[in-house]
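As given, the protein sequences belong to chains Z and G, one line each in that order. Each residue of the first sequence is one higher than the last, beginning at 278 in the working numbering. Each residue of the second sequence is one higher than the last, beginning at 554 in the working numbering.
Each hint should be verified, as a subset may be incorrect.
Heads up, incomplete: computed chain G residues facing chain Z, CB under 8 angstroms, no partners named [as the list claims (entries may be wrong)]:
| # | residue |
| --- | --- |
| 1 | Ile-555 |
| 2 | Gln-581 |
| 3 | Val-585 |
| 4 | Val-604 |
| 5 | Asp-610 |
| 6 | Ala-611 |
| 7 | Lys-641 |
| 8 | His-642 |
| 9 | Thr-644 |
| 10 | Ser-703 |
Hints in this document: simulated from the structure, not taken from any laboratory. A quick note: this is a predicted structure, and the numbers were derived from the prediction, not measured. By construction, the Cβ of each residue, glycine as well, lies at the ideal position given by its N, Cα and C atoms.
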Amino acid sequence: MRSPIQWRFPGNWAIFRMDDRLLLMLIGTIVGICSGLAALALNTGLIFMLKWVHHWSSHWWAFVFPALGACMSSLFLEKIVKEGAGHGVPEVIYSVSRYGGLLRLRSGFSRIISSCLTIGSGGSAGPEAPVVMSGAAIGSNIARYFALNDRQRIILVGCGAAGAISSIFNAPIAGMVFAAEVILGEWSAVNIIPIAIASVAGTEISRTLQGNQVIFSHQVFSIDIGDILASVGLAALAAAASILLTHWLRAMQKISPRIIHIFWLRAAAGGAAVGMIGLWMPVVLGEGYDRVVQMIGGNFPGGLMFVAIACIAKILATSLTLGWGGSGGIFAPCLVIGSAVGLTYHRALTLILPSVTWVNEGCFALLGMAGLISGMLQAPLTGIFLIVEITGGYNVILPLIIVSAITTTICYYIEPASYYLKDLVDRGHLLRPGTDARVLSDIKVHELIEKDCISVSQSMPLRDFIKIVEKSTRNFFPVEDEKTGHFAGMVHLDDIRPYLFNPMMYDAVLVGQIMNPDVETVSPEDDLTEVLQKMDAQKLFSMPVVLNNRFVGMISKATLLDKYRKELMVQTSV
Amino acid sequence: MIPRLFHIFRNTPLGRETLLNSVYFCQQTGAVPVVYIPEHTKFLMYFENEVVQVDLDASYLTSPETAKNHATEILLINGFEPTFLGPKHFTASTLPDIPTDFDFMCCPRSITDLSSKIGMGYIGPRVRNIVNAARFPVLLSSTGYKPWKSIVVFFGGSSNAVNALKLGFRLKRNSGLPLDMFTQAEKKPQVYRELVKSQQLEEDVNKRVRDWKVLESGSLEENLYEVPHDALVVMGAFGHGLIKNLVFGSKAEKIQSVLPNNLLIVGPRYSAVH
């Protein structure tokens with residue numbers, strides 16, 4: 278009766294049963310290639326759309342393009358693939374936290390198409406988060422096809438994210454670090470090896486099909502101690518920009534549905550607003566990589582005020598695009614805003630201290646990018662490695678580390694959760710591996726129910742009850758209604774103590790008279806966290822579990838501790 | 554542990570009939586209905602190795618202000634304490650996650666299409682996905698309230714059919730109703746008996762099955778007339794072969810397209826409790 282087609286289950290092959298690292302390395306390579314191809318598909322689509330839109334971009338009515346793009350993007354997500362708006366990274370982290378990395382197959386392509394429509398038409402967003410979603414969904418569904426377990430599936434989700442980031446930025450280390458730091462939230466040798474291989478596969482796909490080029494190449498900067506000290510101030514400014522972007526994005530997400538109820542009209546309105554800003558300040562349109570190249574190269578036009586206004590305009594445009602229903606990520610806007618912040622800071626320094634010789638403003642643009650990425654993602658390593666790789670700027674590593682570290686710290690104090698994690702933290706859905714919440718979430722109430730309780734009826738005389746107590750090893754006894762079988766209350770051994778030494782009372786007292794009818798109960802549906810809160814609040818060590826008015830069993834802290842320990846060992850074992 | 558049946562309530566006359574079928578099933582089998590009144594047209598079910606997005610048709614959100622009262626009324630009349638499921642987790646703000654640790658689930662034949670389109674012979678893709686991914690059997694209720702007085706297990710010899718037979722024994726034990734077996738023979742009858750023996754179910758079949766009809770002549774469609782109109786039909790879905798994840802299996806497809814009875818479908822991931 279067993280299916281003879283074993284090729285579908287390589288996890289059962291003898292060679293992989295010896296060590297599943299080999300299996301994960303093999304499948305991780307496949308996932309890295311597929312997610313790399315997905316990233317290239319989005320890149321190609323964006324280039325095609327941007328070229329097409331560019332023909333008309335000088336007309337006054339060009340503001341309708343971002344409106345149309347955002348509108349089509351939201352309609353595609355809501356009506357065709359029936360997924361909500363957003364870039365998807367929180368969804369990936371949520372799935373990894375709670376459901377072993379299970380993601381829908383449609384997520385493998387949905388965000389690529391929707392973000393292509395939004396960004397390609399001029400919306401201010403980035404393609405990186407959508408390809409992370411796509412790569413992660415590819416990893417998850419390949420794991421599903423090969424019938425892998427939760428732990429293996431989570432690693433392949435990480436492989437997909439790493440392959441996508443590596444491919445789109447031609448940055449293998451950044452991809453690897455992003456997957457471990459942001460998506461999985463843990464570092465272990467078992468995770469890192471397949472993720473590293475997927476990163477290599479994704480990068481190699483990008484290099485083979487697009488060529489090996491540093492995205493934001495620049496001149497060599499000569500940095501002295503003064504520049505390093507000045508970078509502390511830049512970190513503070515980058516943190517302020519990060520907080521501003523985070524708050525405006527959230528504010529737009531809250532306000533926009535109240536102003537316009539129809540989702541596609543809302544997205545179109547946001548897109549039109551971005552288009553109008555773009556008529557006046559084109560730097561805000563699209564992913565903005567060409568502007569970043571200008572800024573790092575020290576060729577960005579205008580003075581201090583112009584670049585400061587461009588920075589604010591880009592923050593506003595990104596908030597309007599993503600907060601009003603467009604699709605895309607915040608990586609690319611962070612790079613543009615960060616480099617604008619760096620330029621603003623440099624120009625201000627030059628104005629205030631004209632006698633000091635500062636490094637080229639392109640260096641500060643580069644440091645600003647690292648600051649924004651680190652501040653928004655609160656992932657300093659991702660910020661550092663990404664900027665080093667996409668700019669080839671290892672010579673700026675010292676101020677880069679300082680800016681990333683300080684920006685992350687300041688942002689953490691003001692907004693403890695990163696942009697990606699804020700919603701999950703607010704809803705209590707962020708469950709990182711090995712944490713108390715994660716262990717508890719994997720244990721269900723029905724797994725802890727102790728069924729060796731003897732139920733008694735309300736009309737049972739104390740004499741009969743004492744005989745039952747003699748046979749039982751428990752201190753609690755559930756009482757049920759004889760007619761309906763409904764749970765009526767509990768009797769604790771302490772409740773019969775006053776009558777125990779008075780045999781006269783044995784036939785005079787009934788169980789119904791000594792039971793406690795006001796007992797706090799739990800349902801098998803309840804979350805264990807809620808059950809524990811109830812126990813702590815009432816200072817209880819055990820509670821009855823009741824379903825449909827019927828006693829099901831008892832749940833106790835002792836059983837929970839035992840199960841908790843086992844679950845923790847499973848989750849933290851390699 | 555008291556078994557629980559998951560029911561998605563549709564606040565329409567069709568939904569009432571479906572809930573009545575669920576409630577009757579619970580009364581017969583000792584299960585407890587857990588009712589979900591949707592507030593969004595889509596939700597996710599995270600199974601062991603698959604996530605299924607269910608896109609409900611708009612009628613599921615009809616008159617939300619009366620939905621809970623209507624469901625409560627039906628449950629109370631039939632002796633059940635109303636138990637409603639409120640989603641605790643959300644993948645996105647309008648995309649709730651529905652737990653999958655139930656013992657049964659009741660579905661109409663399609664939950665994505667408008668009820669006017671649902672008819673015999675059509676099972677929607679989401680329902681197929683749920684049957685394929687779930688550890689629990691799925692009750693495909695008939696379009697009208699249809700109480701049943703016996704249980705019929707279709708036994709074609711596949712592993713899912715063996716699971717369906719084990720489930721039939723469990724239902725008989727819980728309900729006390731007579732259990733019959735039907736086999737549309739493609740091989741000699743002895744082959745099926747040997748199969749039952751090899752699964753160590755021979756004694757149970759002899760003791761618990763009232764009648765085992767092995768139909769050697771006539772087509773399946775013709776022979777289905779023999780199935781009592783007031784029986785709960787239990788069968789396995791998804792047969793053998795490369796496309797087993799796409800179609801129910803040829804026999805199951807025919808049975809569901811011809812029989813108007815309530816059907817209890819056992820999918821490939823069902824773990825039988827015997």
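Hints, verified against the model:
1. At its closest, the beta carbon of Ile-555(G) sits 5 angstroms from a beta carbon of chain Z; the interface hint therefore holds under the 8 angstroms criterion.
2. A distance limit of 8 angstroms between C-beta atoms decides the matter here; for Gln-581(G) the minimum to chain Z is near 16 angstroms, and the interface restraint is violated.
3. For Val-585(G), the suggested interface contact is upheld, since its CB lies about 4 angstroms from the closest CB of chain Z, less than 8 angstroms.
4. A hinted interface residue such as Val-604(G) counts as satisfied when its beta carbon comes closer than 8 angstroms to some beta carbon of chain Z; here the least separation is about 4 angstroms, so the hint holds.
5. Proximity of Asp-610(G) to chain Z is violated relative to the hint, the smallest CB-CB distance being about 12 angstroms (cut-off 8 angstroms).
6. Restraint check, Ala-611(G) versus chain Z: the minimum CB separation of about 13 angstroms is more than 8 angstroms; hint violated.
7. The restraint placing Lys-641(G) at the interface with chain Z holds, with a minimum CB-CB distance near 6 angstroms, inside the 8 angstroms limit.
8. Restraint check, His-642(G) versus chain Z: the minimum CB separation of about 7 angstroms is within 8 angstroms; hint holds.
9. The interface hint given for Thr-644(G) holds, since its Cβ lies 6 angstroms from the closest Cβ of chain Z, which is under the 8 angstroms cut-off.
10. Annotation: Ser-703(G) was flagged as interfacial toward chain Z, and the flag is violated, the nearest CB pair being 26 angstroms apart, outside 8 angstroms.
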